[in-house]
Amino acid sequence: MRLELEKRAEHSTAMALLSPVIALALTLVSGAILFAALGENPAEALYVFFIEPLTASWSLQELVVKATPLILIGVGLAVCYLSNTWNIGGEGQFTAGALAGSVLPILFPDFQTPFTLPLMLLMGIAGGMAWAAIPAFLKVRFGTNEILTSLMLVYIALLLLDWLVRGPWRDPDGYNFPESRIFSDAASLPALADGRMHVGAIFALIAVAALAVVLMKSLKGFEIRVLGQAPRAGRFAGFSQNKMVWFAFLLSGGLAGLAGISEVSGSINQLTPVISPGYGFTAIIVAFLGRLNPIGILFSGLLLALSYLGGEAAQVALGISDKTTRVFQGMLLFYVLACDTLILYRIRLGGPAATGKGA
Amino acid sequence: MKKIMGLAAAALLGFGVIGAEAADKLKVGFIYVGPIGDHGWSYQHNQGRLAIEKEFGDKVETVYIENVSEGPDAERAIERLARDGAGLIFTTSFGFMNPTLKVAQKFPDVKFEHATGYKRSENLSTYSARFYEGRYVIGQMAAKMSKTGTAGYVASVPIPEVVRGINSFMLGAQSVNPDFKVKVVWVNSWYDPGKEADAAKALLDQGADVISQHTDSPAPLQVAEERGAVGFGQASDMIAFAPKAQLTAIVDDWSAYYIRRVQAVLDGTWKSEDVWGGFDKDMVVMAPYTNVPEDVAKEAAAMAEKIRSGEFHPFTGPIFKQDGSEAVGEGIIIDDGTLLGMNWYVKGIDDKLPN
Amino acid sequence: MGAFEAILLTVITAATPLLLAAIGELVVERSGVLNLGVEGMMILGAVMGFAAAQATGSPYVGVLCAMLAGMVLALLFGFLTIHLVANQVATGLALTLLGLGLAGMIGEAFVGRPGVKLQAIEIPVLSDLPVVGRALFGQDLVVYVSLALVAAVSYVLFRTRAGLIIRAVGDNHGSAHALGVSVRKVRYLAVLFGGACAGLAGGYLSLAYTPQWVEGMTAGRGWIALALVVFATWRPLRVLAGAYLFGAVGILQFHAQAHGVGVPSQLLAALPYAATIAVLVIISRNRILTRINTPACLGKPFVPDR
Chain U
1 MRLELEKRAE
11 HSTAMALLSP
21 VIALALTLVS
31 GAILFAALGE
41 NPAEALYVFF
51 IEPLTASWSL
61 QELVVKATPL
71 ILIGVGLAVC
81 YLSNTWNIGG
91 EGQFTAGALA
101 GSVLPILFPD
111 FQTPFTLPLM
121 LLMGIAGGMA
131 WAAIPAFLKV
141 RFGTNEILTS
151 LMLVYIALLL
161 LDWLVRGPWR
171 DPDGYNFPES
181 RIFSDAASLP
191 ALADGRMHVG
201 AIFALIAVAA
211 LAVVLMKSLK
221 GFEIRVLGQA
231 PRAGRFAGFS
241 QNKMVWFAFL
251 LSGGLAGLAG
261 ISEVSGSINQ
271 LTPVISPGYG
281 FTAIIVAFLG
291 RLNPIGILFS
301 GLLLALSYLG
311 GEAAQVALGI
321 SDKTTRVFQG
331 MLLFYVLACD
341 TLILYRIRLG
351 GPAATGKGA
Chain S
1 MKKIMGLAAA
11 ALLGFGVIGA
21 EAADKLKVGF
31 IYVGPIGDHG
41 WSYQHNQGRL
51 AIEKEFGDKV
61 ETVYIENVSE
71 GPDAERAIER
81 LARDGAGLIF
91 TTSFGFMNPT
101 LKVAQKFPDV
111 KFEHATGYKR
121 SENLSTYSAR
131 FYEGRYVIGQ
141 MAAKMSKTGT
151 AGYVASVPIP
161 EVVRGINSFM
171 LGAQSVNPDF
181 KVKVVWVNSW
191 YDPGKEADAA
201 KALLDQGADV
211 ISQHTDSPAP
221 LQVAEERGAV
231 GFGQASDMIA
241 FAPKAQLTAI
251 VDDWSAYYIR
261 RVQAVLDGTW
271 KSEDVWGGFD
281 KDMVVMAPYT
291 NVPEDVAKEA
301 AAMAEKIRSG
311 EFHPFTGPIF
321 KQDGSEAVGE
331 GIIIDDGTLL
341 GMNWYVKGID
351 DKLPN
Chain A
1 MGAFEAILLT
11 VITAATPLLL
21 AAIGELVVER
31 SGVLNLGVEG
41 MMILGAVMGF
51 AAAQATGSPY
61 VGVLCAMLAG
71 MVLALLFGFL
81 TIHLVANQVA
91 TGLALTLLGL
101 GLAGMIGEAF
111 VGRPGVKLQA
121 IEIPVLSDLP
131 VVGRALFGQD
141 LVVYVSLALV
151 AAVSYVLFRT
161 RAGLIIRAVG
171 DNHGSAHALG
181 VSVRKVRYLA
191 VLFGGACAGL
201 AGGYLSLAYT
211 PQWVEGMTAG
221 RGWIALALVV
231 FATWRPLRVL
241 AGAYLFGAVG
251 ILQFHAQAHG
261 VGVPSQLLAA
271 LPYAATIAVL
281 VIISRNRILT
291 RINTPACLGK
301 PFVPDR
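Protein chains in written order, with my numbering: chain U, 1 to 359; chain S, 1 to 355; chain A, 1 to 306.
It is possible that part of the hints are untrue.
Unchecked claim - Derived EDC-like pairs: lysine to aspartate or glutamate, alpha-carbon spacing no greater than 20 Å straight-line:
id : chain 1 : residue 1 : chain 2 : residue 2
1  : S       : Lys352    : S       : Asp335
2  : A       : Lys117    : S       : Glu225
3  : A       : Lys185    : U       : Asp185
4  : A       : Lys300    : U       : Glu6
5  : S       : Lys25     : S       : Asp84
Source of the hints: derived by calculation from the structure; they are not laboratory data.
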């Protein structure tokens with residue numbers, strides 16, 4: 001069977017809204033088959049996966065907690081990718097931000113004032129920016145490929161964290177176990193409700209709104225797109241590619257750093273050898289799944305967070321292993337990505353060969 | 001402020017949780033840090049869970065969440081089990097300590113057990129195993145079997161648990177050969193077969209002919225087998241991976257402990273305590289002694305028995321630190337608090353600890 | 001066996017999976033496709049290779065199945081990104097999730113079972129050479145294959161018409177299409193080749209490096225392989241050098257530790273990554289060289305117009 005794509009004259013708005021629905025339908029059908037094959041009741045499994053986490057206040061809050069860093073990092077990365085800057089080191093910038101912000105509560109635990117938290121947040125942002133400045137500098141100064149440098153810096157940041165919490169930043173009263181002291185209340189982001197949802201969620205919303213405006217309405221947004229899609233045209237328009245590299249890296253690094261310190265201060269309340277279950281990498285998926293659009297990223301971050309929560313619910317309620325969850329997540333992502341094709345293209349089955357030479 | 005919120009949440013919850021579990025079947029929950037397919041730490045805890053199911057049959061139901069990252073996800077996963085009606089929850093890695101404590105405060109009616117930590121409360125117990133007892137025994141065996149007088153030690157991450165094991169191994173070895181050498185390589189991971197194998201190779205290349213490991217995969221043993229050296233299994237009996245090289249293995253056996261604690265909940269006698277058991281509580285078990293002369297096997301078994309009965313403690317003085325200063329004097333046993341937070345090497349170890 | 005020889009032997013084992021996965025990805029990227037799913041294809045290869053070797057008793061059947069497993073995932077990736085022009089970065093990451101999940105599901109039955117080891121094939125006479133003999137000529141089949149692949153890829157890419165077509169597709173798919181080249185067919189073949197290589201790299205882990213199956217045993221090697229391709233500025237011989245350099249730094253830090261140097265192990269573990277950045281900065285100072293080698297259409301979707 002031949003499958004051909006035909007470019008639509010213009011971006012289909014109907015499909016932009018419809019494609020996630022089609023993807024979801026396909027996922028539900030495939031999921032039902034998968035779960036039935038594993039001997040589960042498909043309806044029950046899908047309910048546990050997608051609906052149950054949305055039925056209780058605590059899990060809704062947990063959903064927000066899980067989605068917050070994904071969205072914060074994701075919107076920053078979107079600016080990078082739109083401007084054709086390949087920052088894949090969000091995880092490292094997240095970690096660097098968490099480390100920089102934690103300097104106050106760990107080294108100066110008695111510094112408990114109303115300024116403590118704002119200072120920590122600023123230091124977190126600065127830490128993430130500083131870590132992102134390294135690949136930006138190397139790219140601008142030496143033309144070094146940023147994919148590689150930003151990725152390598154992830155490993156280095158993780159090892160730095162590991163060294164700090166096992167060595168100098170170890171809790172002095174903690175029997176030499178690898179974790180920092182617990183942050184004081186003055187250094188912990190306040191909760192927003194009765195659960196674990198904290199102020200970080202508001203930062204994420206602000207970031208989404210601000211970047212949505214910048215990207216859609218401002219000259220900067222135009223500059224980002226032009227330099228991303230047609231660098232030469234951008235240069236003629238007087239935009240500087242080097243400045244854009246700096247801008248994209250510092251912005252995304254700062255947001256990832258903010259996510260890092262928010263997570264540490266709002267959710268874990270201390271530094272431990274592991275502070276992220278791979279947020280910086282998952283955020284790359286979130287960014288693309290949200291079509292590099294801040295509003296889209298808001299939804300894709302929540303969707304991905306839901307799939308993690310649903311996976312845990314399924315493990316507990318039905319004994320479905322986390323391996324199955326990952327397969328299911330992979331499937332879901334594939335469908336969403338494939339269906340997005342419909343926005344720009346019409347699919348024709350059995351169309352004639354394009355140029356006479358096999359397709 | 002957070003605490004108040006937490007209490008409010010707990011009050012709100014009161015009904016839901018207890019109401020949901022109408023049957024008097026006890027639900028036992030487990031949180032694993034790794035996949036149950038790691039054939040190491042999490043695998044052994046899961047064996048313990050299976051032992052509960054076997055022992056109690058219809059009286060209990062077990063649930064677990066595996067691969068739970070020790071960071072921000074932990075609290076959610078633990079809370080999920082508590083809300084799902086689990087009456088007893090085991091969180092099986094050190095990194096779950098504070099999350100477990102937080103959830104335990106929110107759910108005063110649920111009983112929690114945290115492995116290898118030190119924070120307890122009314123409804124939160126801690127438990128751990130004295131693996132160092134086994135390491136003293138294998139240290140002695142290593143010194144007896146080694147021709148080069150040097151053992152290689154594949155270590156995971158520098159925490160007291162691992163440092164204590166290295167020291168105990170060394171003390172055992174020195175009791176046989178005072179000039180024995182231990183070379184240590186840290187792989188910075190509990191679980192990366194490739195790196196573990198590389199570390200073992202480096203150690204063998206530098207003159208070690210016995211490999212001991214405190215990482216989870218059988219890779220170092222496989223390397224020993226291939227190179228004609230010998231070694232010791234970790235966490236489980238790994239004889240299938242190294243039939244000619246494994247001398248014995250220090251097996252983590254949680255079954256007996258888990259069964260006891262479930263029984264206690266069923267009997268209504270469960271209370272918060274701190275259990276640090278070794279040979280005496282069957283939490284540490286030696287695999288059969290293989291590939292060693294009969295007298296070595298006999299002496300090893302005898303030493304294990306002496307430790308089990310309390311006749312001998314591996315950390316009995318005089319013990320000297322690496323810098324030559326005396327840690328404890330003749331006949332004195334290092335107390336559990338010092339052992340728990342041990343962050344110094346005994347004299348003779350060819351490595352430096354990050355400080 | 002001398003110290004140098006011993007280290008060389010270990011380095012080759014450590015570098016081979018990186019080399020295999022990277023050389024495959026290099027061809028993929030040269031054709032203009034960025035497949036970030038290497039880790040996923042690798043781990044599926046590891047478990048399928050292990051399973052097939054267990055079932056048949058033959059590690060060679062295992063090696064073949066490992067390659068097939070990688071190709072199956074690659075085909076899925078190809079369908080999404082080449083046919084449906086889905087975003088390559090996101091699809092590759094999703095492929096990793098899928099591969100890790102599938103491998104875990106399949107592998108559950110194989111945990112705790114010793115594997116069938118791929119035996120070394122000693123080449124007579126040559127393997128008796130001093131110092132390098134055993135390291136270079138006393139290895140298993142996959143090591144020889146990995147070296148042969150580097151030579152073959154290097155030759156094909158730069159000395160044959162097929163290579164010219166692959167590079168043309170990667171550099172300017174529009175022109176290649178106009179010249180009558182089937183861009184999609186070339187890319188499918190490249191992606192499948194990459195899948196086979198990644199699968200083989202995984203199989204090497206579970207059949208030769210450490211003959212066992214444990215979940216997550218690739219431990220991030222797929223990502224390192226991806227980094228190596230960029231590091232090598234898309235040149236096969238530099239991939240070889242990069243893989244061996246990376247392997248060597250890792251092994252040497254273990255040797256330094258065994259010698260008892262008083263440096264935190266985290267610092268030593270960070271060395272390969274820091275070294276990679278340093279070398280890359282030095283290489284990239286020659287900007288023209290880098291620009292020439294970077295496939296201009298990397299990651300850009302192609303739809304044949306009519």
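Hint check results:
{"no.": "1", "hint": "Lys352(S) <-> Asp335(S)", "in the structure": "violated (23 Å)"}
{"no.": "2", "hint": "Lys117(A) <-> Glu225(S)", "in the structure": "holds (12 Å)"}
{"no.": "3", "hint": "Lys185(A) <-> Asp185(U)", "in the structure": "violated (60 Å)"}
{"no.": "4", "hint": "Lys300(A) <-> Glu6(U)", "in the structure": "holds (17 Å)"}
{"no.": "5", "hint": "Lys25(S) <-> Asp84(S)", "in the structure": "holds (13 Å)"}
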